[in-house]
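Student: Residue numbers (this note's numbering): 1 to 673.
Careful, some of the hints might be misleading.
[Stated by the list, open to error] SDA-like cross-link-like pairs, simulated, lysine to any residue; straight-line CA separation at most 20 angstroms:
id, residue 1, residue 2
1, 316, 140
2, 270, 220
3, 121, 170
4, 461, 222
5, 316, 54
6, 649, 591
7, 105, 236
8, 121, 72
9, 64, 37
10, 325, 170
11, 64, 54
12, 574, 220
[As the list claims (entries may be wrong)] Computed beta-carbon distance windows for the label pairs:
id, residue 1, residue 2, range
13, 119, 559, 32 to 40 angstroms
14, 653, 320, 29 to 37 angstroms
15, 577, 119, 48 to 56 angstroms
16, 123, 320, 30 to 38 angstroms
17, 511, 657, 29 to 37 angstroms
18, 635, 657, 18 to 26 angstroms
Hints are computed from structural coordinates only; laboratory data are not their basis. Just so you know, even glycine gets a beta-carbon here, dropped at the ideal spot from N, CA and C.
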Amino acid sequence: MSYCILQVALDTPLDSWFDYRWPCAPGEEPQVGQLALVDFGRRETVGLIVAVKRESDVPPEKLKDAIAVRAQLAPLSPTWLALAQFAADYYQRPLGEVALPGLPKNLRVGTTVPLDRAIKKLAKQEAAHDPAPAGMPVLNPAQQLAADAIGSAQGFAPMLLYGVTGSGKTEVYLQACAQVLAREPDAQILVMVPEINLTPQLEGNIRARFPGVMVATLHSSLSEGERMLHWLAAHEGRARIVLGTRLAILASLPRLKLIVIDEEHDPSYKQQEGLRYSARDLAVWRAHQLGIPIVLGSATPSLETWHHAQSGRYRKLELRERAVKDAVLPRVRLVDTERDRPREGLSNQLVAALRQRMERGEQSLLFLNRRGYAPVITCEACGWISNCTRCSSFMVLHKPEHRLRCHHCSLELRIPRACPDCGNVDLQPLGRGTQRVEEGLQAMFPEARILRIDADSTRRKGSAQAAFDSVHRGEVDILVGTQMVAKGHDFKKLTLVGVLNPDTALFSQDYRASERLFAQLMQVAGRAGRAGRGEGASESEVLIQTRYATHPLYAAVVNHDYERFAGSLLAERKQAALPPFMYQALLRAEARQLADATAFLEAARDLLVSEAVFINDPIPMTMTRVHNMERAQLLVESNSRPALQAFLKAWMADLRAMKTRVRWSLEVDPLDI
Numbered sequence: 001m002s003y004c005i006l007q008v009a010l011d012t013p014l015d016s017w018f019d020y021r022w023p024c025a026p027g028e029e030p031q032v033g034q035l036a037l038v039d040f041g042r043r044e045t046v047g048l049i050v051a052v053k054r055e056s057d058v059p060p061e062k063l064k065d066a067i068a069v070r071a072q073l074a075p076l077s078p079t080w081l082a083l084a085q086f087a088a089d090y091y092q093r094p095l096g097e098v099a100l101p102g103l104p105k106n107l108r109v110g111t112t113v114p115l116d117r118a119i120k121k122l123a124k125q126e127a128a129h130d131p132a133p134a135g136m137p138v139l140n141p142a143q144q145l146a147a148d149a150i151g152s153a154q155g156f157a158p159m160l161l162y163g164v165t166g167s168g169k170t171e172v173y174l175q176a177c178a179q180v181l182a183r184e185p186d187a188q189i190l191v192m193v194p195e196i197n198l199t200p201q202l203e204g205n206i207r208a209r210f211p212g213v214m215v216a217t218l219h220s221s222l223s224e225g226e227r228m229l230h231w232l233a234a235h236e237g238r239a240r241i242v243l244g245t246r247l248a249i250l251a252s253l254p255r256l257k258l259i260v261i262d263e264e265h266d267p268s269y270k271q272q273e274g275l276r277y278s279a280r281d282l283a284v285w286r287a288h289q290l291g292i293p294i295v296l297g298s299a300t301p302s303l304e305t306w307h308h309a310q311s312g313r314y315r316k317l318e319l320r321e322r323a324v325k326d327a328v329l330p331r332v333r334l335v336d337t338e339r340d341r342p343r344e345g346l347s348n349q350l351v352a353a354l355r356q357r358m359e360r361g362e363q364s365l366l367f368l369n370r371r372g373y374a375p376v377i378t379c380e381a382c383g384w385i386s387n388c389t390r391c392s393s394f395m396v397l398h399k400p401e402h403r404l405r406c407h408h409c410s411l412e413l414r415i416p417r418a419c420p421d422c423g424n425v426d427l428q429p430l431g432r433g434t435q436r437v438e439e440g441l442q443a444m445f446p447e448a449r450i451l452r453i454d455a456d457s458t459r460r461k462g463s464a465q466a467a468f469d470s471v472h473r474g475e476v477d478i479l480v481g482t483q484m485v486a487k488g489h490d491f492k493k494l495t496l497v498g499v500l501n502p503d504t505a506l507f508s509q510d511y512r513a514s515e516r517l518f519a520q521l522m523q524v525a526g527r528a529g530r531a532g533r534g535e536g537a538s539e540s541e542v543l544i545q546t547r548y549a550t551h552p553l554y555a556a557v558v559n560h561d562y563e564r565f566a567g568s569l570l571a572e573r574k575q576a577a578l579p580p581f582m583y584q585a586l587l588r589a590e591a592r593q594l595a596d597a598t599a600f601l602e603a604a605r606d607l608l609v610s611e612a613v614f615i616n617d618p619i620p621m622t623m624t625r626v627h628n629m630e631r632a633q634l635l636v637e638s639n640s641r642p643a644l645q646a647f648l649k650a651w652m653a654d655l656r657a658m659k660t661r662v663r664w665s666l667e668v669d670p671l672d673i
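Please put together the full structure from these sequences, using the hints given.
Tutor: Here you go:
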């Protein structure tokens, strides 16, 4: 029997491929892009076949036989493999660490039963394909211009859909998709959203608009069986529209003809663990690779995207008015909390506005991007505060659960009955989270129907969607929430937004903090007044409580002036040599002792020298200790992306050769420094 050699990429930190023998007659060799089950160390694992050859450099006695080849699954295409290889090269990771985690877990286990069942189930579900849309509303001129530009675009065409909140960007996406499917019925379209809780509403709109089209969804809340079924529908070309979060960018889509990135500015598109990739940036590269249009939509584009649009690299499509007749942008007012002192976190002006909306039967939203009851509890007698014993952070008070909880390492403790230092029993909460705001509202408005939506109240599967549904049905008078409620949701009866305690971001050492705060405020403000001013309806209004009412950022929010704000930030970035005018990579290290992490980074700094790259000194991270590990970082910068990439490739080879017990990782284009 003749054998061939399968070169297999595995999900390991080792930057190499592994050879396995496989019996095969001439002309019947496995194909590149198929999956193979192999022995690796003491376990069986699935790898990706990246080459098939007749001979190996490994001595014959050391070669292992592959256990199985997944012949039921069509090979992953050369273009998909090129995407995975690009991501591996750009983010300085082995190919296996990129390609394998992007596949459903059930494809990476030993048994083939789930795959066989999924393929049969998918075949039964497939109905006659009819791309004709249903219930197409008439667009306003600006929307129609944008939809036609997207739907008729040929070749690689990056476009920024810049539209104010409520301007009907979703309808533009849907009608552009209809044009693409009408021209190419077998085409596939990828639509991406930043967060899981935004998928149900958009999925409902897509399914209602395209009842004869198979739609697949891809996000981490799906069960493994559901995820594999939807991934297979995309991989086999059955699903014509694929809706997903950032992991969807690595889905296999053999007939991809259009990519839509909604809320493209959102930092959730950047993976913060493992392969620290930007799904938005990979989407742009994938569109370029395939020669297809890509549209990036936002009311507050990222500065990188805005810079590309201003320089002409991206075409800018504008929607300057709200789509619904009589709907106008809300009036934004600043409440100076130095003059109007808050009671239970709410100023007199905000309390009066809430009461007025309740009397009119309208809804209000209070936005506070801090969950829990209070950020910390303290002893006023001796100054003790509830520090986390494992992190450089506080233990947050979660009063309903009677727990102190660290939001970084998940440590939970009972609330102490007395101060651990002096024995004082009068421990006080300091500051406010969403739970405390909810409690205060219940005391002020006992007749109100109050609902809190945050990561704590929506832990169970389906609970977030159930909560949003109750708001849409008008069963809620006052909604209290974190950033989960700030974007993408269309609350028809909501006419008032109150923003609590946004000032902390004004003084952050993170140079992106002001950009993020502005986007957050504009997005949450955009939840108000989206349905228009019906008879007797209040003027939509946003009240921002702040101690710094004269700050220029708030002035830009009051005037809904993103363009001037973005222009000033870009000028500052250029003067300070920061992205998008500089390219960066961040080497992080963690160890039991901070000195060990710093020593590793100092050694790493001295490994390689390049005139085109500047290496900063190691410094402790802002959150220095997490889960009893001390953390430090080293920033590498260059004004040339190719020069930085060339340096990183050589540097990573030297770093991998270092013998150290320090855990380290490299992030290219870091968002948090």
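Student: Look at each hint and say if it fits the structure.
Tutor: Now for the hints, and whether the structure bears them out:
no.	hint	result
1	316 - 140	holds (17 angstroms)
2	270 - 220	holds (15 angstroms)
3	121 - 170	violated (31 angstroms)
4	461 - 222	holds (9 angstroms)
5	316 - 54	violated (52 angstroms)
6	649 - 591	violated (24 angstroms)
7	105 - 236	holds (18 angstroms)
8	121 - 72	holds (14 angstroms)
9	64 - 37	holds (12 angstroms)
10	325 - 170	holds (16 angstroms)
11	64 - 54	holds (15 angstroms)
12	574 - 220	violated (37 angstroms)
13	119 - 559: 32 to 40 angstroms	violated (56 angstroms)
14	653 - 320: 29 to 37 angstroms	violated (51 angstroms)
15	577 - 119: 48 to 56 angstroms	holds (53 angstroms)
16	123 - 320: 30 to 38 angstroms	violated (47 angstroms)
17	511 - 657: 29 to 37 angstroms	holds (33 angstroms)
18	635 - 657: 18 to 26 angstroms	holds (22 angstroms)
When the structure is compared with the earlier hints, violations turn up for hints 3, 5, 6, 12, 13, 14 and 16 and for no others.
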